[in-house]
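Visitor: Listed here are the chains, written in short residue letters.
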Amino acid sequence: MASLFDINVFGLFGQLLIGLINGSFYALLSLGLAIIFGLLKIINFAQGALYMLGAFMAWMVLQYFGINYWAALFIVPLAVGLIGVIMERFLLRRISNEDHLYSLLLTFGIALILQGVFTHIFGSSGLSYKIPAELKGGFKLPFMYLPTYRAWIIVVSLLVCGLTWYMIEKTKLGAYLRAGTENPKLMQAFGINVPLIVTLTFGFGVGLAGLGGVLAAPIYSVSPYMGADLLIVVFAIVVIGGMGSIGGAILTGLAMGILEGLTKYFYPEASTTIIFVVMVIVLLLKPSGLFGKEA
Amino acid sequence: MMTGNEKIRIRDLHAFYGESHILHGIDLHVMQGELVTLLGRNGSGRSTTLRSIMNMVGRRTGSININGTETLELPAHRVAHLGVGFCPEERGIFASLNVEENLMLPPTVRSDGMSVEEIYEIFPNLLERRFSQGTRLSGGEQQMLAIARILRSGANILLLDEITEGLAPVIVKKLGEVLVELKRRGLTILLVEQNFRFAAPIADRHYVVEHGHIVEEVAKHELEAKTPLLNTLLGV
Ligand SMILES: Nc1ncnc2c1ncn2[C@@H]1O[C@H](COP(=O)(O)OP(=O)(O)O)[C@@H](O)[C@H]1O
Ligand SMILES: [Mg+2]
Chain A
0 MASLFDINVF
10 GLFGQLLIGL
20 INGSFYALLS
30 LGLAIIFGLL
40 KIINFAQGAL
50 YMLGAFMAWM
60 VLQYFGINYW
70 AALFIVPLAV
80 GLIGVIMERF
90 LLRRISNEDH
100 LYSLLLTFGI
110 ALILQGVFTH
120 IFGSSGLSYK
130 IPAELKGGFK
140 LPFMYLPTYR
150 AWIIVVSLLV
160 CGLTWYMIEK
170 TKLGAYLRAG
180 TENPKLMQAF
190 GINVPLIVTL
200 TFGFGVGLAG
210 LGGVLAAPIY
220 SVSPYMGADL
230 LIVVFAIVVI
240 GGMGSIGGAI
250 LTGLAMGILE
260 GLTKYFYPEA
270 STTIIFVVMV
280 IVLLLKPSGL
290 FGKEA
Chain B
0 MMTGNEKIRI
10 RDLHAFYGES
20 HILHGIDLHV
30 MQGELVTLLG
40 RNGSGRSTTL
50 RSIMNMVGRR
60 TGSININGTE
70 TLELPAHRVA
80 HLGVGFCPEE
90 RGIFASLNVE
100 ENLMLPPTVR
110 SDGMSVEEIY
120 EIFPNLLERR
130 FSQGTRLSGG
140 EQQMLAIARI
150 LRSGANILLL
160 DEITEGLAPV
170 IVKKLGEVLV
180 ELKRRGLTIL
190 LVEQNFRFAA
200 PIADRHYVVE
210 HGHIVEEVAK
220 HELEAKTPLL
230 NTLLGV
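Chains as they are written, first to last, in numbering that gives the first Met the number 0: chain A, 0 to 294; chain B, 0 to 235.
Since the hints were derived computationally from the structure, they do not count as laboratory data.
Warning: the hint list may mix true and false statements.
Every beta carbon over 10 Å from chain B, so not counted as near; a handful from chain A, in silico [as the list claims (entries may be wrong)]:
{"id": "1", "residue": "I130"}
{"id": "2", "residue": "M186"}
{"id": "3", "residue": "Q187"}
{"id": "4", "residue": "F189"}
{"id": "5", "residue": "V193"}
{"id": "6", "residue": "I218"}
{"id": "7", "residue": "Y219"}
{"id": "8", "residue": "Y264"}
Restraint-style ranges between C-beta atoms, simulated for each label pair [unchecked claim]:
{"id": "9", "chain 1": "B", "residue 1": "E88", "chain 2": "A", "residue 2": "N96", "range": "16 to 26 Å"}
{"id": "10", "chain 1": "B", "residue 1": "H210", "chain 2": "A", "residue 2": "I94", "range": "48 to 58 Å"}
{"id": "11", "chain 1": "A", "residue 1": "I94", "chain 2": "B", "residue 2": "F130", "range": "20 to 30 Å"}
{"id": "12", "chain 1": "A", "residue 1": "D98", "chain 2": "B", "residue 2": "E216", "range": "40 to 50 Å"}
{"id": "13", "chain 1": "A", "residue 1": "L162", "chain 2": "B", "residue 2": "D203", "range": "49 to 59 Å"}
{"id": "14", "chain 1": "B", "residue 1": "R129", "chain 2": "A", "residue 2": "L158", "range": "51 to 61 Å"}
{"id": "15", "chain 1": "B", "residue 1": "S131", "chain 2": "A", "residue 2": "S287", "range": "32 to 42 Å"}
{"id": "16", "chain 1": "B", "residue 1": "S62", "chain 2": "A", "residue 2": "I120", "range": "18 to 28 Å"}
{"id": "17", "chain 1": "B", "residue 1": "S131", "chain 2": "A", "residue 2": "I231", "range": "52 to 62 Å"}
{"id": "18", "chain 1": "A", "residue 1": "W151", "chain 2": "B", "residue 2": "E180", "range": "42 to 52 Å"}
{"id": "19", "chain 1": "A", "residue 1": "K171", "chain 2": "B", "residue 2": "T134", "range": "14 to 24 Å"}
{"id": "20", "chain 1": "A", "residue 1": "K171", "chain 2": "B", "residue 2": "F15", "range": "55 to 65 Å"}
{"id": "21", "chain 1": "B", "residue 1": "H13", "chain 2": "A", "residue 2": "L72", "range": "52 to 62 Å"}
C-beta atoms are modelled at their ideal positions from N, C-alpha and C, and glycine is treated no differently.
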């Protein structure tokens with residue numbers, strides 16, 4: 000372990016960067032989960048698998064149709080979102096009046112099916128996706144080397160998270176979403192088509208996971224379990240942040256990524272557990288999460 | 000038969016929450032421009048009647064005709080678009096929205112709703128506090144907001160549930176004036192009330208609900224003669 004007095008600046012910033020990138024993915028995924036939870040009150044266990052699906056789709060459309068990264072960046076989140084729309088409309092809605100445990104199990108089942116199918120077709124070793132030419136290379140900063148693609152991930156993810164936050168907190172559509180989260184029945188009584196909003200919200204939430212998948216494809220190996228591993232950490236982050244807040248989901252995602260990076264530098268042995276340690280502490284001190292509303 | 004200016008016509012309405020059978024054959028009607036109350040003791044089924052009209056209860060049978068349209072099979076979000084504005088007993092102000100967002104939330108259901116300026120003129124408190132969180136308002140202000148937002152939507156059939164409950168006399172008086180003004184403009188109002196003294200001078204007719212039945216109908220001119228009966232029924 001490095002003592003505080005001989006900090007290797009390059010190593011530290013390197014880990015911070017990795018933390019920030021992981022945090023970007025955490026933020027995208029936990030944001031999607033929080034949006035879905037807000038309106039549907041279900042925890043979407045398929046979020047990780049849909050992220051994986053996004054990565055595979057990016058790979059497949061390039062391989063089979065020659066659709067490049069830039070087009071995939073738009074097409075794939077839409078396609079994953081559409082799958083979400085179908086999932087909500089034809090599966091989740093049927094059991095929306097049952098105990099939420101059923102929908103949780105359903106999404107869990109969908110995750111297992113997706114993972115199984117992709118393992119069957121592509122094996123579990125993982126495929127590689129090339130970084131698009133425009134985003135190759137990097138910048139030499141005074142204290143570190145910053146690969147362009149990594150910077151790109153952070154920028155896109157922050158931008159999308161920020162826009163989503165703005166849309167939900169500041170626009171009329173967002174007001175529908177917030178109000179629908181509180182009292183969907185009254186919203187219906189006002190003449191708002193809540194079932195439609197629920198479907199579109201679910202589609203948007205999983206579309207974010209799809210986008211995460213496309214962003215991840217060039218830097219992580221595209222493999223059937225890439226989402227499952229990530230989702231466990233994202234759940235811990237959601238517990239830490241609390242389900243109640245959109246901004247909270249984003250901030251906690253980023254913060255936990257950075258914390259993980261710092262831990263990797265100062266005490267690497269704990270880097271894979273630090274988030275769970277924080278989760279336990281938060282659960283003990285503020286069970287509703289850092290940004291959650293007290294029950 | 001539905002006559003031309005009947006705004007609400009309910010026939011043999013039964014309503015259920017899960018297994019509990021709450022309404023047992025309600026029959027009532029409200030004419031255009033009328034202000035009609037549903038009186039009754041707590042738990043008699045008045046709120047359930049309003050919620051049934053809005054399709055917010057579990058199951059309903061019978062007939063609910065609004066403005067000439069049978070609504071029993073309509074999805075909940077279509078009812079408002081017949082011109083119905085609902086003000087629930089618990090007021091339903093959204094905590095995650097500020098006052099103005101609460102006001103603007105219900106979609107426009109008819110084109111000639113009140114403008115925001117007009118609403119702020121009637122309820123100046125809301126203008127002052129328009130950027131406050133909805134639930135930070137006082138009880139009276141929340142009630143005004145709950146009424147204001149359905150007026151802005153253009154609804155001309157108002158279902159108001161216990162709007163005076165727990166409010167200071169000066170605010171109750173203000174709400175009374177607002178109702179009189181709405182009636183003057185030709186709006187149709189179905190009002191659930193506990194406060195008979197509030198309702199009596201402004202209402203055209205009263206229905207008394209007991210155990211999910213309508214047990215008495217009292218027109219304005221019968222009020223004096225039937226006051227002892229009403230006192231017994233309402234237990235005042
Ligand atoms: N959501 C509900 N689930 C089950 N029973 C309910 C529900 N809401 C009201 N009730 C019951 O329905 C009956 C009528 O209630 P309500 O219509 O609220 O009465 P009122 O408005 O006249 O006071 C009461 O016995 C009440 O307990
Ligand atoms: Mg009531």
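Visitor: Evaluate each hint against the coordinates.
Guide: Verification of the hints:
no.: 1; hint: I130; result: 41 Å, holds
no.: 2; hint: M186; result: 8 Å, violated
no.: 3; hint: Q187; result: 4 Å, violated
no.: 4; hint: F189; result: 4 Å, violated
no.: 5; hint: V193; result: 6 Å, violated
no.: 6; hint: I218; result: 36 Å, holds
no.: 7; hint: Y219; result: 36 Å, holds
no.: 8; hint: Y264; result: 39 Å, holds
no.: 9; hint: E88/B with N96/A: 16 to 26 Å; result: 23 Å, holds
no.: 10; hint: H210/B with I94/A: 48 to 58 Å; result: 35 Å, violated
no.: 11; hint: I94/A with F130/B: 20 to 30 Å; result: 40 Å, violated
no.: 12; hint: D98/A with E216/B: 40 to 50 Å; result: 43 Å, holds
no.: 13; hint: L162/A with D203/B: 49 to 59 Å; result: 52 Å, holds
no.: 14; hint: R129/B with L158/A: 51 to 61 Å; result: 31 Å, violated
no.: 15; hint: S131/B with S287/A: 32 to 42 Å; result: 24 Å, violated
no.: 16; hint: S62/B with I120/A: 18 to 28 Å; result: 56 Å, violated
no.: 17; hint: S131/B with I231/A: 52 to 62 Å; result: 41 Å, violated
no.: 18; hint: W151/A with E180/B: 42 to 52 Å; result: 60 Å, violated
no.: 19; hint: K171/A with T134/B: 14 to 24 Å; result: 20 Å, holds
no.: 20; hint: K171/A with F15/B: 55 to 65 Å; result: 35 Å, violated
no.: 21; hint: H13/B with L72/A: 52 to 62 Å; result: 55 Å, holds
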